[in-house]
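Each chain, letter by letter, is given below.
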Amino acid sequence: GQQVMQIPQYQHVQEGEDFTTYCNSSTTLSNIQWYKQRPGGHPVFLIQLVKSGEVKKQKRLTFQFGEAKKNSSLHITATQTTDVGTYFCYYSGGYQKVTFGIGTKLQVIP
Amino acid sequence: DAGITQSPRHKVTETGTPVTLRCHQTENHRYMYWYRQDPGHGLRLIHYSYGVKDTDKGEVSDGYSVSRSKTEDFLLTLESATSSQTSVYFCAISESKSGAEKLFFGSGTQLSVL
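Heads up: the sequence lines are chains A and B, in that order. If you read the first sequence in our numbering, its first letter stands for residue 61, the second for the next number, and so on. If you read the second sequence in our numbering, its first letter stands for residue 9, the second for the next number, and so on.
Think of the hints as simulated: they come from the structure by calculation, not from any bench. Treat the hints with care, as some may be off.
[Claimed, not checked] Label pairs and their calculated CB-CB ranges: (1) A/His72 x B/Lys78: 30 to 40 Å; (2) A/Thr80 x B/Val96: 19 to 29 Å; (3) B/Ser104 x A/Ala128: 18 to 28 Å; (4) A/Lys111 x B/Glu103: 40 to 50 Å.
The structure displayed is predicted, hence computed values, not measured ones. Cβ coordinates follow ideal geometry from the N, Cα and C atoms, glycine included.
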């Protein structure tokens, strides 16, 4: 069956450092979405990637979808304390049920 | 934020009692979902609905039932709550089939089963 791993599960960075979280699948994904959940809050949609090799940017956030559509990454440049939270990938494998990655919890040390 | 209201926001109950959580939307979206969130497991789908009276099971549906009698309301019922159902429950909505459209989440319900 389809397996997607999101890594790392936890990441502590000094404010100003970069951060990257990855979602890696054993099978081809139809598309992938990324969500952010602030502590005590609810998940909020960030972006959707559909095309092979797609790269999208939102200010300091860069999202990539691999050429084989089996992996995706979210990169934050020069983290700020406002970036604290848990980042989830949400993926669809076509006929497979859509599901969330386990999430990467980001802590930013001022 | 999308118009999604979950009630109650917090609930403490005893093992064996029935519990109903409500999700109300004002967006007229067709799809509605119930997720539970637990440390180490992320968000897991319990049940979802693709229209009035049309529902289907998710990956962790045992011990839960749902009903959708109106477009705007989606109810999650724990017939006989157990301690393993202590969790944060999120309702979500989408315009069309999940994976193709973004999800909008409610603020969540913290449920504690003692």
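Verification of the supplied hints:
Between A/His72 and B/Lys78 the beta carbons are some 46 Å apart, a value that contradicts the proposed interval 30 to 40 Å. Roughly 27 Å separates the CB atoms of A/Thr80 and B/Val96, a value that falls within the hinted 19 to 29 Å. In this structure the supplied range 18 to 28 Å holds for B/Ser104 paired with A/Ala128, their Cβ-Cβ distance being about 26 Å. Judged by the Cβ atoms, the range 40 to 50 Å given for A/Lys111 and B/Glu103 is violated: they are separated by roughly 21 Å.
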